[in-house]
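**Q** For reference, the chains in residue letters:
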Amino acid sequence: MTQLIVKNGFVYDPLNRIDGEKMDLAINDGKIVGKVDEKKAKVIDASGMIVMPGGVDIHCHIAGAEVNTGRLLRPEDHFRDVEAKTAITRSGVGYSIPSTFTTGYRYARMGYTTIMNPSMPPLEARHTHEELNDTPMVDKASYPLLGDWWFVLEDLRDGMIKECAAHVAWIMVATKGYAIKIVNPGGLEAWGFGQNVRNIDDTVPRFNITPKEIIRGLCKVNKLLHMPHTIHVHTNNLGKAGNYATALDTMKCVENLASDDKPVIHITHCQFSAYKGSNWRTLRSGAEEIAKYVNHHRHVTLDLGQVVFTDTTTMTADGPFQYGLYQLTGNKWVNHDVETETSSGIVPFRYRRKSYVHATQWSIGLELGLLVEDPWRIYLTTDHPNAAPFITYPRIISWLMSRNARDITMKRINKRARHKSLLPSIEREYSFYEIAIVTRAGQAKSLSLTQKGHLGIGADADIAIYNINPELVDPSRKYKAVRKAFENSAYTIKNGEIVAKDGKIVKSVRGKTFWVNPQLSSPIEVADDMKRRFREYWTVEYENYSIPESFLAASAPISVKAEV
Amino acid sequence: MITLYPKRLFKAPLDAQCITPDIFAEKPVSKIAELQIWEGNQKRTLDQLFKIEYNAKNQSEEMTIRILGDVRKARRIGAKMSTGKIIIDGDTGMHLGEEMQGGTIVVAGSAGSWTGCMMKKGIIQIKGDAGDYIGAAYRGSTRGMNGGEIVIQGNAGNEVGCFMRNGLIRIDGNVGQFVGIHMRNGTIIVQGNSEGRTGAQMSGGKIVVCGHTPSILPTFTVDSIKSKVKVNGEIVKGPFYKFVGDLAEDGNGKLFVSQIQNPHLKFYEKYLE
Chain A
5 MTQLIVKNGF VYDPLNRIDG EKMDLAINDG KIVGKVDEKK AKVIDASGMI
55 VMPGGVDIHC HIAGAEVNTG RLLRPEDHFR DVEAKTAITR SGVGYSIPST
105 FTTGYRYARM GYTTIMNPSM PPLEARHTHE ELNDTPMVDK ASYPLLGDWW
155 FVLEDLRDGM IKECAAHVAW IMVATKGYAI KIVNPGGLEA WGFGQNVRNI
205 DDTVPRFNIT PKEIIRGLCK VNKLLHMPHT IHVHTNNLGK AGNYATALDT
255 MKCVENLASD DKPVIHITHC QFSAYKGSNW RTLRSGAEEI AKYVNHHRHV
305 TLDLGQVVFT DTTTMTADGP FQYGLYQLTG NKWVNHDVET ETSSGIVPFR
355 YRRKSYVHAT QWSIGLELGL LVEDPWRIYL TTDHPNAAPF ITYPRIISWL
405 MSRNARDITM KRINKRARHK SLLPSIEREY SFYEIAIVTR AGQAKSLSLT
455 QKGHLGIGAD ADIAIYNINP ELVDPSRKYK AVRKAFENSA YTIKNGEIVA
505 KDGKIVKSVR GKTFWVNPQL SSPIEVADDM KRRFREYWTV EYENYSIPES
555 FLAASAPISV KAEV
Chain B
162 MITLYPKRLF KAPLDAQCIT PDIFAEKPVS KIAELQIWEG NQKRTLDQLF
212 KIEYNAKNQS EEMTIRILGD VRKARRIGAK MSTGKIIIDG DTGMHLGEEM
262 QGGTIVVAGS AGSWTGCMMK KGIIQIKGDA GDYIGAAYRG STRGMNGGEI
312 VIQGNAGNEV GCFMRNGLIR IDGNVGQFVG IHMRNGTIIV QGNSEGRTGA
362 QMSGGKIVVC GHTPSILPTF TVDSIKSKVK VNGEIVKGPF YKFVGDLAED
412 GNGKLFVSQI QNPHLKFYEK YLE
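Quick mapping for you: the protein sequence lines, in order, are chains A and B. So the number in the numbering used here is just where the residue sits in the first sequence, counting from 1, plus 4. So the number in the numbering used here is just where the residue sits in the second sequence, counting from 1, plus 161.
Keep in mind the hints are simulated off the structure, nothing from the lab. Any given hint could turn out to be false.
Restricting the straight-line Cα-Cα distance to at most 25 Å, the calculated cross-link-like pairs of lysine to aspartate or glutamate (DMTMM-like) are [as the list claims (entries may be wrong)]:
#	chain 1	residue 1	chain 2	residue 2
1	B	241	A	85
2	B	281	A	315
3	B	281	A	80
4	A	296	A	378
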């Protein structure tokens with residue numbers, strides 16, 4: 005392995021409390037080390053540039069059956085955004101749902117090196133991992149959808165938390181998953197029969213359990229298993245006016261499960277769960293209430309789900325929400341019931357500046373980002389591709405860093421939305437240090453990826469270098485320069501190798517797939533009853549259901565010691 | 162004027178999107194000869210495939226490109242053009258005038274499918290026949306022809322004006338099935354016969370069929386009998402049955418079908434009493 009030295013860069017490494025200090029980094033064998041032989045090592049001159057850990061994305065739909073169906077649904081999304089083959093990279097297409105290889109290349113060009121695919125129906129795990137195997141340049145992981153699994157619902161209804169934990173441990177190993185994902189808990193099970201749940205105290209039909217019990221139950225399971233991430237929750241009533249109350253209820257219901265200051269719940273794409281009002285006409289921002297709660301309670305983390313005005317494709321496991329979106333837009337749509345596990349839906353969508361609702365959504369995302377005081381508990385995402393494709397991150401960074409940038413966009417949005425927006429009253433502008441937190445350090449911390457998101461000795465040598473000088477450039481005024489710098493990294497280093505330079509891929513590498521391997525006190529046993537039910541209810545037999553480790557191109561299991 | 166003579170009969174498809182007045186106008190002749198063009202999987206220059214003749218005397222104000230010969234394998238001629246004129250004395254291939262924004266294309270022979278797809282402005286005139294998806298949207302998209310005019314003096318294929326949003330398509334001959342499918346606005350007039358399923362899923366716009374059509378879709382309702390129809394300022398004499406639809410889409414599209422050519426539609430008249 006080559007040795008590298010990154011010289012004279014302004015290093016932003018929030019996990020080690022380094023804020024723009026001019027220093028050198030030494031890399032040996034894919035890890036950050038204290039010192040290397042300067043004569044042998046290759047030197048990267050980063051003077052006048054920003055050096056950050058490689059980006060970490062906690063929530064982006066990049067692989068799996070649903071994403072692939074989205075690709076099939078949208079030829080018109082691809083034909084204007086074509087990438088030709090080069091000597092190093094494969095050909096591919098964008099825009100909102102790029103092909104697997106292009107996804108990897110585009111993330112690497114922006115300096116991202118670790119990404120999390122947040123919604124994997126356990127039944128579709130094999131397909132998801134096949135696509136992840138073909139997503140180069142980045143390390144990745146997937147969260148299996150568990151909030152509507154029949155066995156989970158039954159165990160939680162009967163109060164069998166330990167049995168449920170053993171079952172979840174089995175799923176994590178069987179599907180090679182990383183965290184517990186909960187989407188519209190209870191609602192998706194009901195949607196299989198054309199129904200939904202209205203709030204977290206509504207009973208799920210046929211199961212005699214409430215969404216609150218599911219969230220609390222899985223939160224306890226998560227703690228018993230000592231999972232690296234918290235439960236990852238897409239709230240009930242997502243995308244409906246007045247749902248900020250549901251989001252607050254969801255956060256409150258696990259308040260007493262928190263101990264020693266650690267988060268126990270992650271509310272994902274929170275912008276979609278922060279609406280006040282009773283219908284689309286009276287929609288208002290609930291960002292203030294949510295931010296206030298989060299500022300006073302340390303057990304919650306959020307990610308933004310920031311809307312950018314563009315043409316994109318919405319895809320979630322929330323079938324009833326997607327059906328509502330189809331009715332609203334009249335666009336083409338896909339809706340699918342994944343047997344006893346979950347549901348899903350896809351609808352193409354265009355966010356327009358001049359639409360009151362879309363402009364308000366845009367404003368809510370930024371309000372959340374700016375009103376939540378602790379950057380360690382709010383992360384920059386667009387819920388790719390739901391609110392915008394991931395390639396718009398640099399634009400969001402410029403909005404967060406510059407009031408001017410916000411004002412200029414503000415002038416062009418719907419008038420009524422502009423008058424109601426809270427943004428003009430918010431002075432806050434992110435610093436580069438805070439940007440490093442919301443785009444990498446905070447996310448890595450939340451995922452407990454100890455090797456990622458920082459540049460301390462022993463960390464993986466995943467580094468992004470951006471060509472912008474924090475001493476000379478005022479990001480508030482020169483927001484366009486900031487945006488340009490973050491669009492194409494000067495260098496992206498993955499595992500100690502330079503993979504992208506000045507926006508061009510110079511080397512194609514394969515990333516690892518992380519998964520959690522919980523160590524129970526007794527080996528995981530699968531009851532005969534469950535095997536029988538697999539035969540009766542699933543299209544895939546129990547014997548074929550588990551994915552062997554050899555199926556992953558580069559498997560990286562993370563062992564955790566469970567309390568069960 | 163620049164005249165292009167094909168040097169041979171092309172067997173593999175040509176990606177000829179460089180043949181537009183916009184690109185030619187900004188280059189000297191020597192540079193035009195070097196324009197890149199794909200023939201099948203081979204990269205070629207324009208002068209490897211065409212003899213290029215530059216006639217300065219006839220150079221009027223606007224750029225004119227004349228193609229003399231058979232270019233039925235050439236795709237995307239005149240793509241995105243915004244000015245000038247292309248005259249093709251022969252047949253041409255698919256995607257002629259794709260996303261056109263202005264200017265004129267005249268074809269003496271026949272044109273392929275997707276002629277004028279996604280066009281915004283300008284005029285395309287085909288003296289022979291044309292293929293399917295005239296003035297249509299890209300696959301999967303809902304943004305079809307949004308302005309301009311397409312005139313086809315021969316026959317056209319299926320799904321003419323798919324997802325059309327504005328503009329005029331005039332067909333002097335016969336058309337295939339699904340004329341004006343998913344149409345949102347604009348006008349289509351067919352002088353000859355239509356094979357049926359006209360206006361499926363249309364939500365607005367106007368379709369006039371002067372010839373025979375086997376049947377009207379059940380999601381259209383008869384509105385009245387009109388003695389004449391106005392198309393782009395001109396009056397077309399009828400009488401016509403006027404239908405409104407597609408009601409399955411809550412649509413308000415207008416479909417005019419000749420009364421004289423379609424005696425089998427007489428049973429609709431009882432709903433008008």
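**Q** Quick one: which hint numbers does this structure break? Sort them smallest to largest.
**A** As far as the earlier hints go, not one is violated by this structure.
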